[in-house]
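> Spelled out, the chains give:
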Amino acid sequence: MPTIRQVKIEPNATEVGQTPHTLGLNLGWSKTEQEAVERTLAKYPATQQRSAVIPLLHLAQRKCGGWLPVDAMQLVADTLSLPYIRVYEVATFYTMFNLQPVGTHHVQVCTNCACLIRGSDAIVSAVKHTTGVAHNGETSADGQFTLTEVECLGACVAAPMMQISIGTGGTHYYTHLTPEKTTEILTHLANGGDPAKYADTAPTAESDPIHNGKYGA
Amino acid sequence: MSTLPRLKPEDKCFPNLCGTADWGIKGYEQRGGYKGLKKLLQTPQTEHIEKLKQSGLRGRGGAGFPTGMKWSFMPQPKLDERGKPIPLAKPSYLVCNADEGEPGTCKDRDILRFDPHTLVEGMIVGCYTLNAKVGYIYVRGEYYDESSHLQQAINEAYKAGYLGKNILGTGVDCDIHVHLGAGAYICGEETALLESLEGKKGQPRLKPPFPAGFGLYGCPTTINNVETIAQVPPILKNPLEWFTRWGRPGNSGTKIFSISGSVHKPCNIEAPMSIPLRELIDEYCGGVIGGWENLQAIIPGGSSTPMLNAETASRVLMDFDALKAEGTGLGTAAVVVMNKQVDVLRVMTRIAAFYHHESCGQCTPCREGVGWVHRLMERLTHGEGTLAEIDQLYALTKKIEGRTICAFADGAMWPTQGTLKHFRHLIEERIKTKQPAA
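Same order as they appear, the protein sequences are chains F and A. Under the working numbering, read the first sequence as residues 1 to 217, first letter to last. Under the working numbering, read the second sequence as residues 1001 to 1438, first letter to last.
The reader is advised that the hints may include incorrect statements.
[Claimed, not checked] Using 30 Å as the maximum straight-line C-alpha spacing, the simulated BS3-like pairs for lysine-lysine come out as follows:
no.	chain 1	residue 1	chain 2	residue 2
1	A	1078	F	31
2	A	1265	A	1324
3	F	197	A	1026
4	A	1237	A	1053
5	F	43	A	1133
6	A	1026	F	43
7	A	1078	F	43
8	A	1265	F	181
9	A	1201	F	63
10	A	1090	A	1051
Calculated directly from the structure, the hints in this document are not laboratory data. Please read these numbers as outputs of a predicted model, since none were measured by experiment.
Chain F on its own, in the form it takes in the complex:
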């Protein structure tokens, strides 16, 4: 189910047919986001702007701290002149789009075959123990961490591994994990440490895949 942000709305306002607009939710892009939107749209033919749905959903999700409330999806729909459902159906189809709020750090532990063989059970336990999250999909009481068990993330030779998405920032891979190293990384992040410190691949400063650093002619 899509989630509506905590706003003051009439108790019976969420009737069928209500749109975010009629609920008084009118999200807009900031100036830097608008520039990113234009760079994204420039990648696709002028008649095929719908191609930008997924990139813009990524941008909207970052804008909203790691998840997609209905007005964010409406914003993407309005930007591309699409019906809301065309954006909503895409947002529900793909795993990376969260329709419920997540913690500041979305901890995604791979538990598929290669990681399972190399001991992902212990990593999941370590995450639970360190963050206080009891079950898959839950967020810790302080809102810092959400734990999700995910499918193969494509770092099998570096198993076990996890991916941590920072709501308003990037996503990093943490590989060759042990329970001790997992706890160390999570403690580092909880104390506001630099997420890139333990990351397997350092991102480049100049090109951001979601904001689309400018390139080309």
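Since the structure of chain F is already known, use the hints to place chain A on it.
This is chain A only, laid out in the frame that chain F set:
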């Protein structure tokens, strides 16, 4: 023990796969990259396609379709009476499939982060050969840092004049864009990838029409794996023999193998095709944990390919035809090793759960069937089923396989069939232990 020499840097398509050298444009040019690109862009396209056909390069994304043949399906401009090419009615596209999601497979990730320029150069040559002005690289959304590297490589190539308008004065125009996915295994299927690139749910299309006739935006499109595209420039630049000397006929070249699981040193390694599986594991990965005698089973080509038992694994060659003859496949050459300490039934149940999660829900046999298979596997693994249910499970997989739009359901059923073939006795044992009356 070793029968094949280790590849020297000059034999490799990806000399920096291990990531020790500079992955930027300077490092790539030092390794010989972009050298000879101008000449490639001045050679007639048909010559390139002919050479690719002769090289025997087969798609590295799993299906192993001959790349030269795939590229020959794309329309080439006809010449008018003065010998000038008549522009094609529709634009053509080259799309690179970097939606690497097959459990066990992680080769494209290392190409993207450690040698991204190999892919960029491949895209330039590919776009020229296929008359495409625009190429898209569809990278799985989780590869955030990796696509950042790729994007920087593209930026550098633009700056150096290898991309954009009139590349190196040859009159060839080419733009490459990175498109991030958002986490759906099915988008690795080529038509699902096109749907996703068009901004829709990633649900595969019926074929025909094939993408070479009706692909992205209804235009002629070729979709290739990262490794395939990146191997094209070295094949075209070097003498044919450089590539075809490796591997058996029909399986030529070098290939990246991703070896994970119960080995001492899991790694991505570029090695000759048709290398014996045992040599691959013993020579490059430090051997199976606990020794070769401790080997239980091996998945040879990513989770979709049926597993091999230890006996077959000790003699099989790693190429398309040899593995096909053993009833499995090379797939993406992602070798997952399981020794005797691994609960193989639990691993295979986890793989069944993966397919249950990733079915796109378009075709009924798959949408419903993968869930049934997963739940049955779950029960049987815990010794909770009946012996009759083992046969039922096998029959079920046979009823799902081959009855859907895309090959996802087939790939979802094969690992379960492989489990029943090799480890039926384990399931029976568990049922008998848990329910002595059964």
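> It remains to establish, for every hint, whether it holds in the given structure.
Each hint, compared with the structure:
As the CA atoms of residue 1078 of chain A and residue 31 of chain F are separated by approximately 47 Å, the hinted pair breaks the 30 Å bound. Of the supplied pair hints, the one linking residue 1265 of chain A and residue 1324 of chain A holds, its CA atoms being roughly 27 Å apart against a limit of 30 Å. Distance check on the hinted pair: residue 197 of chain F and residue 1026 of chain A sit about 25 Å apart at the alpha-carbon level, within 30 Å; holds. Taking the CA atoms of residue 1237 of chain A and residue 1053 of chain A, the gap is about 15 Å. The hint holds against a cut of 30 Å.
At most 30 Å may separate the alpha-carbon atoms for a hinted pair to count; residue 43 of chain F and residue 1133 of chain A meet this at roughly 12 Å. A distance of roughly 27 Å separates the Cα atoms of residue 1026 of chain A and residue 43 of chain F; the hinted pair therefore holds under the 30 Å criterion. Of the pairs offered as hints, the one joining residue 1078 of chain A and residue 43 of chain F holds, with about 29 Å between alpha carbons and a cut-off of 30 Å not exceeded. For the hint pairing residue 1265 of chain A with residue 181 of chain F, the CA-to-CA distance comes to about 19 Å; that is within 30 Å, so the pair holds.
Annotation: proposed proximity of residue 1201 of chain A to residue 63 of chain F holds, straight-line Cα distance about 22 Å (limit 30 Å). Our distance criterion of 30 Å between C-alpha atoms is met by residue 1090 of chain A and residue 1051 of chain A, whose separation comes to about 26 Å.
Comparing the model with each numbered hint stated earlier shows that hint 1 is the single one that does not hold.
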